[in-house]
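Participant: Here is what each chain is made of, one letter per residue.
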Amino acid sequence: MNAIGSRQRRVLRWILVLAGVALLAVSLTQPWGVSALPLELAHTAARFRQLLLDGWSAGEPAASITGFPRLRANLLADSLLLVPAYVALLVLCTLVYGPSPQRHPSLRQLLCVPAVVAGLFDIAENSMTGRALDELMRASLTDATVADITLASELKWTMLGVALLVVAWRCRVAVRAPWHAVAAAACALGGVAMAAGAWSALLPAIHVGVGAMLVGLGLLARLALRAPT
Amino acid sequence: MSQQNDARPLPHAWADALRGSVRLMSPLASLLVLIALIYSEQGRDVLRALVSDAAIPQKSGDNSVAGLVFLLASSAALSLSVWYSSRWLLTAQMVALPLPAAGPWQTWLPRVLGFAAPLAIAIGLATLYWRKPALEEGEVFHALAWAAGFVTLAALLLLFYWQRGRLLDGLGLGSGPERRRDAASGASRPSQIATDEPTPQPTRRVMIWAVALSFAMAGLLILFPVTLPRMIGAAAVAAFALASINLFGSFVLTYVPLRRALPPLWIGVILLAGVVFAGWNDNHVVQAADGAPTASAAAPDVYDAFAEALPEDGKVLFVASEGGGIRAAYWTAAVLDDLHAADPALMQRLRVLSGVSGGSLGVAAWLATHRSDYCPGAPAAPSTAVGLRSAAPPALAAATALASDFVAPAVAGMFYGDLMQRFLPFAIGPLDRSRAIESAWQRAFEHLPGEPFAHTLDEFYADCPALPQLVLNATRVETGERVALTRLPTDGSMFVNTFDAMRAGSAARRQSLAGLVHHSARFPAVSPAGTVPIEGATGDVPPSLRLVDGGYFDNSGVQSVLDVIDGLRRHPGMKDFTPLLIVIRNGREPLDRPCPHAQGVSRVFPESGSIVLALANVRGSHAITARGTARRQFGADMIDVVVPEEEAVAPLGWALSAASRAALDKGAQRAAAQALASIRSRLAGSAPAPDVGVTCPR
Chain A
1 MNAIGSRQRR
11 VLRWILVLAG
21 VALLAVSLTQ
31 PWGVSALPLE
41 LAHTAARFRQ
51 LLLDGWSAGE
61 PAASITGFPR
71 LRANLLADSL
81 LLVPAYVALL
91 VLCTLVYGPS
101 PQRHPSLRQL
111 LCVPAVVAGL
121 FDIAENSMTG
131 RALDELMRAS
141 LTDATVADIT
151 LASELKWTML
161 GVALLVVAWR
171 CRVAVRAPWH
181 AVAAAACALG
191 GVAMAAGAWS
201 ALLPAIHVGV
211 GAMLVGLGLL
221 ARLALRAPT
Chain B
1 MSQQNDARPL
11 PHAWADALRG
21 SVRLMSPLAS
31 LLVLIALIYS
41 EQGRDVLRAL
51 VSDAAIPQKS
61 GDNSVAGLVF
71 LLASSAALSL
81 SVWYSSRWLL
91 TAQMVALPLP
101 AAGPWQTWLP
111 RVLGFAAPLA
121 IAIGLATLYW
131 RKPALEEGEV
141 FHALAWAAGF
151 VTLAALLLLF
161 YWQRGRLLDG
171 LGLGSGPERR
181 RDAASGASRP
191 SQIATDEPTP
201 QPTRRVMIWA
211 VALSFAMAGL
221 LILFPVTLPR
231 MIGAAAVAAF
241 ALASINLFGS
251 FVLTYVPLRR
261 ALPPLWIGVI
271 LLAGVVFAGW
281 NDNHVVQAAD
291 GAPTASAAAP
301 DVYDAFAEAL
311 PEDGKVLFVA
321 SEGGGIRAAY
331 WTAAVLDDLH
341 AADPALMQRL
351 RVLSGVSGGS
361 LGVAAWLATH
371 RSDYCPGAPA
381 APSTAVGLRS
391 AAPPALAAAT
401 ALASDFVAPA
411 VAGMFYGDLM
421 QRFLPFAIGP
431 LDRSRAIESA
441 WQRAFEHLPG
451 EPFAHTLDEF
461 YADCPALPQL
471 VLNATRVETG
481 ERVALTRLPT
491 DGSMFVNTFD
501 AMRAGSAARR
511 QSLAGLVHHS
521 ARFPAVSPAG
531 TVPIEGATGD
541 VPPSLRLVDG
551 GYFDNSGVQS
561 VLDVIDGLRR
571 HPGMKDFTPL
581 LIVIRNGREP
591 LDRPCPHAQG
601 VSRVFPESGS
611 IVLALANVRG
621 SHAITARGTA
631 RRQFGADMID
641 VVVPEEEAVA
651 PLGWALSAAS
661 RAALDKGAQR
671 AAAQALASIR
681 SRLAGSAPAP
691 DVGVTCPR
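Protein chains in written order, with the numbering used here: chain A, 1 to 229; chain B, 1 to 698.
What the hints contain is simulated information worked out from the structure, not anything from laboratory work.
Treat the hints with care, as some may be off.
Now the stretches of chain B that chain A is said to cover, found in silico as 3 or more residues with beta-carbon under 8 Å [said to hold, decoys possible]:
#1 267-280
#2 330-342
So the derived label-pair ranges between C-beta atoms look like this [said to hold, decoys possible]:
#3 Phe423(B) to Arg7(A): 40 to 50 Å
#4 Leu28(A) to Pro524(B): 44 to 54 Å
#5 Leu28(A) to Phe423(B): 46 to 56 Å
Residues of chain B clear of chain A, computed beta-carbon distances all greater than 12 Å [said to hold, decoys possible]:
#6 Gly20
#7 Val140
#8 Leu221
#9 Thr227
#10 Glu478
#11 Asp491
#12 Val604
C-beta atoms are modelled at their ideal positions from N, C-alpha and C, and glycine is treated no differently.
Take these sequences, add in the hints, and give me the full structure.
Facilitator: The structure is reproduced here in structure tokens:
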């Protein structure tokens, strides 16, 4: 484990605050009991439309819908708050538990790439979902557009899984302590569950993955904040 | 090497400037390409569309400032890329191209170059105010406000480049003020690395992240070749790409070799891509449509079908639509839509639609949209597209479907996938930018039953013998022959001096309608030549051929119509018929004579320039010859539908702003009304309304 200076602690605290705000914003912008996740993995235009009307139309009949402002706000909160938060947290954890900056400076940076790429896929997926809404409102939505959203989502979860596995691996290699082992196991479980869930369209598996990620990264953040300077 | 810059004599300063410009070739070229793209007709219309999207959502259908935000981000990326690379290229000591130690111009030139990227876009946005079509009330504010936004961004970036040392020191990330002072004089100076000094760690970090982000962006745009470029926008895609290309050109092709006493690798790389790899990495081989039948359908007996469907008076319509990118496509579809709306029965007399380039897209789009009018009972697979109000997609006019952005996928394919392909020694089909354009067209017409743009021409005509015949004109690279992509006989019995690319075994027969339209519309640089393999080729038939835009041979599409009419008339036993030829033109030139060109044009590079100029002008002259011949043959039975002067503001290219579309719609209504009057008078046997005369600009 690399030394954590006071500046990194400050950054970590800010990231945790951002993550908290992001989770709150995403929760507030989605209807109770509804999430945007099924939309991501809809696969077909017909299914996408049905999910939209069932979950995001606020009970309005299709003929009188003038827009989906709540879904747009949700996508915006995800792209501008949640994505930067989880990417920053993953990058920081990778750097803290990653190889020494003196011995492997380039490898240290490269190990952060999956987290950043996952963030890019997430932003692309959110933007394409917004685009799909535009197409649906303006004229018609095609299967090809929805397939793009689904592929972006699958790749996002896969890259997020890889980033979590990298953190788990580095954490296991860097520190041999029980709580670190628990955090590494949670991250590894999260990584595998996310990737498997995305490609099999098994939403519960993705939910398990997200939960494990929250536990793993949360624990690592707490351990990093409590570590001696 | 001198440490004093300000006392250098003039010849040395010239030599320094020359060396400096060689070092800066990549950032300068990147900036120039951006400026050329932004200030082209298509570039201005792309900016115009972004402003419309932000200002008048109900017209553009995309109530979003996302395009402008992406452009803001991409111009910042390009600015940072140009500034950072220029700074290293000018201040690092290089054995091969030495420069004096860093002076004020080496400090400030990179900053100014970085400042220039967002500024160029700001000026482009501001000048929309003076251009046609005029900005609407709400758009003026947005154009000027966003221009001010880009100026602000440029100023902020300049401030960052100037004061970044203090800023980074304040954040605890800088190298300290002492690092930026000359040890001897104590004066402020930029950091400079000596020839034998390794590249600093922070610079390496920047390199790694720049490369990683560039490849991530490339990967995203290759994986999502239509949706993502459309979302980001053509201008932003180009700026992001130029930022990445500049870093590669600056550091890999210039910085590294010059530091090792080698020449820049530009020429070597161009030769590698253009000569060495070119033999193995042709990724423009056409692909078959999904589920295309392996056995070609038997050639249809078009002569019998034509004779059986002749109206009692024998008067039938033929359409020729000239090339001109999306302007031609939209104009053609809008005119035909208006003619159909005014008199659907009249359009039942339509027999052949011949198109070139954008005109091919227009006629194919219109025919695909109106297929069910010609064969109402013919079965067609339901569309998988959905609408919001009902599960079935709404019916759209052909021109409305062409309102999509087709230029962004083309630009993304050109700057990312296809550019990367040129440096690989093996072909990767999905990197072909043709697929992005064709896929964009397929999606635009996915709402139609049977998704005709995604299927072969044989499937398009299956169970619908009354459907007018399409003739999509292309040009064969190897011989310059015209190529008619059609279900009409292409064996030489109908078309003169054409290559039969639709023969059995040709991959063209298994291509989708979008693929065939694209052959006709492969205009220079934007689309590459398409390679069409021919199975079982023997004797005179080559194993493959390459196709480019039909406009190289005849940009009017009239020559093919003349051949078809002649072929039908010469067929034994054919009934007598009277063809009325509708010529749809989107350019403003007289029908049968060229406009006199300024004499000065041929005086630039008179030796080599004359060759290029003559070759280019022959292309236009062929079209005039074809139209002039048709005018002699048909006289008043040839109806010239030309875009009115006041509405002739749309650019060439593959995307139209809402304002350009509105202008074309307005012009199409007027032109179609006049054409309808002429057609009806010819059907009634009376004299037609006189053509709208087109005069040459002074």
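Participant: If a hint holds in the structure, say so; if it does not, say that too.
Facilitator: Hint-by-hint comparison with the structure:
no., hint, result
1, 267-280, "violated (count 0)"
2, 330-342, "violated (count 0)"
3, Phe423(B) to Arg7(A): 40 to 50 Å, "holds (41 Å)"
4, Leu28(A) to Pro524(B): 44 to 54 Å, "holds (53 Å)"
5, Leu28(A) to Phe423(B): 46 to 56 Å, "holds (48 Å)"
6, Gly20, "holds (31 Å)"
7, Val140, "holds (24 Å)"
8, Leu221, "violated (10 Å)"
9, Thr227, "violated (4 Å)"
10, Glu478, "holds (34 Å)"
11, Asp491, "holds (37 Å)"
12, Val604, "holds (45 Å)"
The structure shown violates the earlier hints numbered 1, 2, 8, 9.
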